[in-house]
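Peer 1: Given the coordinates of chain A, assemble chain B onto it according to the supplied hints.
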Amino acid sequence: MKKYIFLTLFLPLTLLAHRTIAVSYPYIGAITKSIGGEHINTVVLAKGNWDPHFVVPRPSLISKVRNADALIMNGAQLEIGWLPPLINRAANPKTQPNAKSFLNLSQHIKLLHKPQSVDRSGGDVHPDGNPHFHLDPNNILVLAQTIKEFLISLDSKHASIYEQNFAAFKSDWEKKLTVWKEKMRLNKNKKVIQFHDNLAYFNNCYGLQSLGTIESLPGIPPSSRHTLYLIKLIKEQKPGYILHDVYHSTKTAEYIADKTGIKVVLMPHDIGALETIDDLSSLFDYLTSAIK
Amino acid sequence: MKKLLLSTLCATMAFSADVLPVENRTFEQSKFIPDISLIMDASYVNRDIEDDELAHLEVPGVAHGLLGTHDHDDSSHATYNAENGFNLNYAELVLSSSVDPFFTMDGVFHFSPNGVEIEELYFTSTALGDGLRAKGGKFNSNFGYLNEQHHHSWSFNDMPLVYEAFLGMHGINETGLQLQWTAPTDTYIMLGVEVLQGENEQMFGNGSIHLSELNATNSDIDSESAPSLFIAYAKTSFDIDRTTILAGLSFASGSSRLDHSEDEESPHAFSGDSKLYGADLVIKHYFDSYSSLTWQSEWLYRDMDGTMYEDFSATTPTLTPTTKKQAGLYTQLVYTYDKSWKVGARYDTIYKNDISNSDAFAPNNMDKYSAMIEYNTSEFARFRLQYNHNRALYEDDVQQDLNTIILSANISIGAHGAHSF
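Order-wise, the sequence lines are chains A and B.
Residues in the first sequence are numbered consecutively from 1, following our numbering.
Residues in the second sequence are numbered consecutively from 1, following our numbering.
Among the hints, erroneous ones may be present.
Heads up, simulated DSS-like pairs for lysine-lysine below, C-alpha to C-alpha not over 27 Å straight-line [unchecked claim]: (1) A/191 / A/259; (2) A/251 / B/31; (3) A/47 / B/339; (4) B/284 / A/47; (5) A/263 / A/181; (6) A/292 / A/235; (7) A/114 / B/31.
It is worth saying that the hints were derived from the structure and are not from the lab.
Just so we're clear, the structure is a prediction, and the values are computed from it rather than from any experiment.
Just chain A, with the same shape it has in the complex (with noise of 0.2 Å):
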């Protein structure tokens, strides 16, 4: 009987003897995890199949950020909307942002899209330039890179250990790198429109020309003078497919495909965006056969 009251009592301890760190989206928790392997506890903040501009910033995402013992977040100003309040009201100092268990993935990325000027007139536009990044696979290496870095600086005595599964993580995903760049060749060159410019880093590593979003600027819902400009345009230049993310809704891209015959493809953004998506192999292995 003592034996589980001790038991009991030593638990949570035991619990807490691994490191546990918040981050804000899935694919960052599938890196983190991948890396830290054991020794590591992922908390995801948001949810993969929801805008991640729009995440509601409940009150139980402020326990995980007061019980974590780093953050790592995407930054580029795509958390602006949700995380500061969190990092405010958990009070955590090692989630503060300029503390050595936080962790910005953005200043380690060459960023896309730097606006010249910033005005809120060109709607929601992000000052660093286009925060999602990890949609070109190669970025997720260095990225990869960065998360076994940052857990070495807060874990020094399991160094070895993320090095390994650094290694292992790197030498799995270049031979899928291959293999995606090889299914992706034929469609180099090919155009398509988007919803928002989500998808800027696939498109770049992948060749894909994006002509326009549906959304007038970013963050501003679909007008209809500019959905007429759309069709006008699709006309002109034939792209084959509105990639869509999946979390608008797809009634002016259906419009538009019905006008013009253009295909409307989801493209999930992040790990739990689709039900099928449930890795990041998986996110990828999609994104590179929605295009046929």
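Peer 2: Coordinates of chain B only, in the frame set by chain A:
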């Protein structure tokens, strides 16, 4: 006060002016400019009661002068959406930044046609750890749910009746200290305590009341030692699939020195102790990233116990031992259709109004109904049409129906931090 703010403004403007390229200025500090935002709130109001008459209406036994504009001495005091026609309610200037590795600081300044007010000015700790967070300065108390939020993030243009009647249009907005602790559990549990100066105009106060100025034979009511308002609350929240539930219990206790001795209509003063109990419940269900249904309710109960001073023209004022036990609630449902559209309805009531003083007129069925529809062109601009049917206002003990239409614009520019849940 005005001068101070103007100079702050000038200084920030001078800093941000890009005269020389940044790299050419040796002691350039522009990178340290705090986040600055400016929010305007303006409205068009149409009421079926004249402005002059409106200011005289009261919630009997609870509050008077809730709506409209009032003149005190030389200054004029207006509530939001006070007048028929156009109203410029406020310009809210918000500055926030980290101070050093240990604190952040936030300042919220209200500019209105009546002057400038420091709505909030506080520092918050970031380095305590163990779930502890301390705040000091002037701030909105975290009592209940709505009290901490700023006017621009409310779902309706006006405060719920029970809040406004018990605590006034600023709610519990005081100078003092706050300490909050978030428990190390998976379920969100937060406990907080606040020690505040205690100068709420409707319910709490500690200053002496100089009745002798009205009549030499009167003796003054002595002041109570300050700080005199103590608040404690517990909040918890959890998610069930796509639904978030947030519930809280709050308690406030403080001394009440309420000086209405110079009012034109039935001058009086109250000296005693008051307790305020609150319970709040917010249930939010999400349909997708942009669409949700939120049910928000708060219940307030107050217990005031003291002495009522009246009839100052007599040789000695009438002193009546008075207890007030009053309770009310609001409950509102807001449906967010998408990023642009929201509709909502609210029901307000004060249903308990027990005053020990037997000749006091104290109805206990005072209601208010509100409905609104709003359109947001973006997160930064909101236009809202609201209709109120208010059955809680009385003139000379006769209930007056008040119908109000408010069309408001709330526009913000600059860097404004995201709001918490």
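Peer 1: Each hint needs a verdict: does it hold in this structure or not?
Peer 2: Hint check results:
1. A/191 / A/259: holds (18 Å)
2. A/251 / B/31: violated (43 Å)
3. A/47 / B/339: holds (19 Å)
4. B/284 / A/47: holds (16 Å)
5. A/263 / A/181: holds (23 Å)
6. A/292 / A/235: Distance of about 20 Å is within 27 Å: holds.
7. A/114 / B/31: With a Cα-Cα distance of about 19 Å, the restraint between residue 114 of chain A and residue 31 of chain B holds, given a limit of 27 Å.
In summary, the one numbered hint that this structure violates is 2.
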